[in-house]
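**Student:** Here's the letter readout for the chains.
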Amino acid sequence: MFLALRDLRFARGRFALMGAVVALIAVLGVLLSGLASGLADAGISGLRALPVSHFAFDEKATSEQFSRSTVGQADWQAWGRAPGVEQAEPFGNTLANAQVTVGAEKGEQINLAVFGMAPDSSLAPDPTKGERLKEGSDGVLITREIADTGVEIGDVLTADKSAVQLKVVGLVDETISYGHIGVAYSTLETWRHLHYGLPGELPETASGQATAVALTLKPGADVADVEKATGTHAATKEEAFGASPGYAAESSTMALIKGFLYAISALVIGAFFTVWTVQRKAEIALLKALGASTGYILRDALAQVVAVLVGATAVGTAVGLALGSAMIGKAPFSLSAPAIAISSGLLIGLGAVGAVVAVRRITAVDPLTALGATR
Amino acid sequence: MTVPATGPRTASDIAAGAELQLLEVTLTLGDGDTAVTALDRVSLQVAPGEFVAVVGPSGSGKSSLLAVAGGLQRPTSGTVDIAGTELTTLSDKQRTAARRRHIGFVFQQSNLLSSLTVKEQLLLPLHIDGRLDATARARAAELIEAVGLSHRAGSRPHQLSGGERQRAGLARALMTSPAVLLVDEPTSALDRARSAEAVRLISEQTHERGTATVMVTHDTAIMDAADRVYEMVDGRLS
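Line order of the protein sequences matches chains A and B.
Take the first sequence: its letter number 163 is residue 163 in the working numbering, and every next letter is one higher.
Take the second sequence: its letter number 123 is residue 123 in the working numbering, and every next letter is one higher.
Bound-form chain A, shown alone:
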């Protein structure tokens, strides 16, 4: 770094400009990954929190299965008996609008992502406050997002149109949502009332149905037979994220933006170091004439590249984290260390690739040009 360091200092204006570009891209990278994690959390944190490994959907539903799939009692019973299946539970999922009819926020409209489950199954959550779900009751457990609107334990929510009544019996004090809506846990019975919009007695056909079978499978379990027998298809929990509304579109959009960002930054960095290397051609020829090996000059140049990239990315990431922390709570935004590490690492890595392509020109410089008046 004998020369690289001194060049950095001497041409600090140029390097500062380049560094600023990299730093700004790093800021954008942090904000985008924060937004991506935030959107993912808002979209599927409810699913992520469920202690299952797979979901089995009606095989005829091929996209947004949580809205389109219906499975029957025979299906989850068959899954329960299949080899390699540790657990198979009916799971109901629906989005509902309700109004607070009893409580401090009376008249308030509430959006609910209702998860229906058997109260004695492992799917049923432990409340932070209040009671667990009970079979045969119309109680629901709310999560933090709903509680933030002012709904409290003891309040009664009434679903629009069907007038199905929900009594808030407990609170799971975590931000758990689905499709950008706060999750409310209910019994399967209550879920069916909401899903089909039917208060009172449920017809026979509705009472044995759920959206999907929530499964815990042993690693490597072969479920082809039971899939075939029940006409269902098991997707891993991660695959099932894509079955929730908007999730696939959101995450692919974010991935596209990030991909372009990294590609642009690699090109900008490559272009900068190309110009820089071309400008230094006479000095590189001189170094070679003085007896510097190509390896010596390349190491020097790459150390400079790494110093600029790492320094600028560190500054940009720090600024991004500061901005991001201020955004938490105001936007679907969450900072996750691995996501930010990947984002910064990609910026440095791809930038280095761009720069390496540029500084490879060093190998082609002829020391002979240091002689004579050819400069």
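Be aware that one or more of the hints could be misleading.
Calculated cross-link-like contacts (lysine to aspartate or glutamate; reagent style DMTMM-like; alpha-carbon spacing at most 25 Å) [what the hints assert, rightly or not]:
no., chain 1, residue 1, chain 2, residue 2
1, B, Lys93, A, Glu283
2, B, Lys119, B, Glu204
3, A, Lys330, A, Glu250
4, B, Lys93, A, Asp366
5, A, Lys167, A, Glu189
6, A, Lys167, A, Glu131
7, A, Lys330, A, Glu105
8, A, Lys228, A, Asp58
9, A, Lys218, A, Glu238
10, A, Lys281, B, Asp129
11, A, Lys281, B, Asp92
12, A, Lys281, B, Glu120
13, B, Lys119, A, Glu283
14, A, Lys134, A, Glu189
15, A, Lys237, A, Glu189
Reference listing, derived: stretches of chain B covered by chain A, where coverage requires no fewer than 3 residues with Cβ under 8 Å from a Cβ of chain A [claimed, not checked]:
no., region
16, 59–73
17, 122–136
Non-contacting residues of chain A with respect to chain B, defined by C-beta distances greater than 10 Å in every case (computed) [to be verified]:
no., residue
18, Ser121
19, Thr158
20, Ala303
21, Leu321
22, Leu335
23, Ala339
24, Val353
It is worth saying that the hints were derived from the structure and are not from the lab.
We put the CB at the ideal spot given by N, CA and C, even for glycine.
For chain A, the structure is supplied; the task is to place chain B on it using the hints.
**Tutor:** Just chain B, lined up with the frame of chain A:
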């Protein structure tokens, strides 16, 4: 090829015969109809402490002579010996190393690196060779003093005059105690008074440090300082 890395050379080194020897060196550039004979069977011996000037118009092959003598270019035929090593038999890598250890170049318009101070310009060749230590620093200070740049040791090239740059370039070339000093048109950017001074300094350092020095120039006015003068015309030395 054991040349002491630093410190002035002893009388026995100087007595050891020619430090630079070119024998029947021919260099042909290009091929076919466009081939140009840049050097035509050139032979030249320079002893330690000897200052040889080669004069000739531009295009006469002076720069090619330096390129071949300095191991920057491989001759088409003939041999080049430097400090007892035959450059022509070395691989590219070995030639680079030989250039680093045994050859000092003073380039036209001095060719300094824009981001380095005078002192750093001098330390660079030793950093390249992985020998940057206290001895090197002391030697840099000594050489800066010898070329009269002590007050400029911390200045960068853009703060120096043409003459000062040339002197810094000379000091840098001497840093590795080269056996051979090759000087390319040292006065091209200098006025008459400064030219004379620059060449006198080269001559002085050659005699004091026992380098085998070859200077090429088209400036016939500065030949007087040399021990021997050759003329180069169309690739031939006479």
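**Student:** Please go over all the hints and tell whether each is borne out by the structure.
**Tutor:** Here's how the hints hold up against the structure:
1. B:Lys93 with A:Glu283: 20 Å, holds
2. B:Lys119 with B:Glu204: The given pair, whose Cα atoms are some 21 Å apart, holds under the 25 Å limit.
3. A:Lys330 with A:Glu250: 18 Å, holds
4. B:Lys93 with A:Asp366: 14 Å, holds
5. A:Lys167 with A:Glu189: Measuring from Cα to Cα gives roughly 14 Å; hence the hint holds.
6. A:Lys167 with A:Glu131: Holds, because 11 Å separates the two Cα atoms, which is no more than 25 Å.
7. A:Lys330 with A:Glu105: Holds - the C-alpha atoms of Glu105 of chain A and Lys330 of chain A are around 22 Å apart, at most 25 Å.
8. A:Lys228 with A:Asp58: 11 Å, holds
9. A:Lys218 with A:Glu238: Status holds; Cα separation ~16 Å.
10. A:Lys281 with B:Asp129: Holds. Lys281 of chain A to Asp129 of chain B sits at ~21 Å (cutoff 25 Å).
11. A:Lys281 with B:Asp92: The given pair, whose Cα atoms are some 20 Å apart, holds under the 25 Å limit.
12. A:Lys281 with B:Glu120: 20 Å, holds
13. B:Lys119 with A:Glu283: 17 Å, holds
14. A:Lys134 with A:Glu189: Holds, at about 11 Å.
15. A:Lys237 with A:Glu189: 24 Å, holds
16. 59–73: This one holds; 6 residues, not fewer than the three required, reach chain A with a Cβ under 8 Å.
17. 122–136: n = 7 at 8 Å, threshold three: holds.
18. Ser121: Since the minimum Cβ distance to chain B is about 70 Å, Ser121 of chain A lies beyond 10 Å and the statement holds.
19. Thr158: Check passes; 75 Å lies beyond 10 Å.
20. Ala303: Fine: 13 Å to the nearest Cβ keeps Ala303 of chain A off the interface.
21. Leu321: Consistent with the label, Leu321 of chain A stays out of reach of chain B, its closest Cβ about 34 Å off (over 10 Å).
22. Leu335: 39 Å, holds
23. Ala339: 39 Å, holds
24. Val353: About 26 Å separates Val353 of chain A from the closest Cβ of chain B, which puts it past 10 Å; holds.
Hint compliance for this structure: every hint is met.
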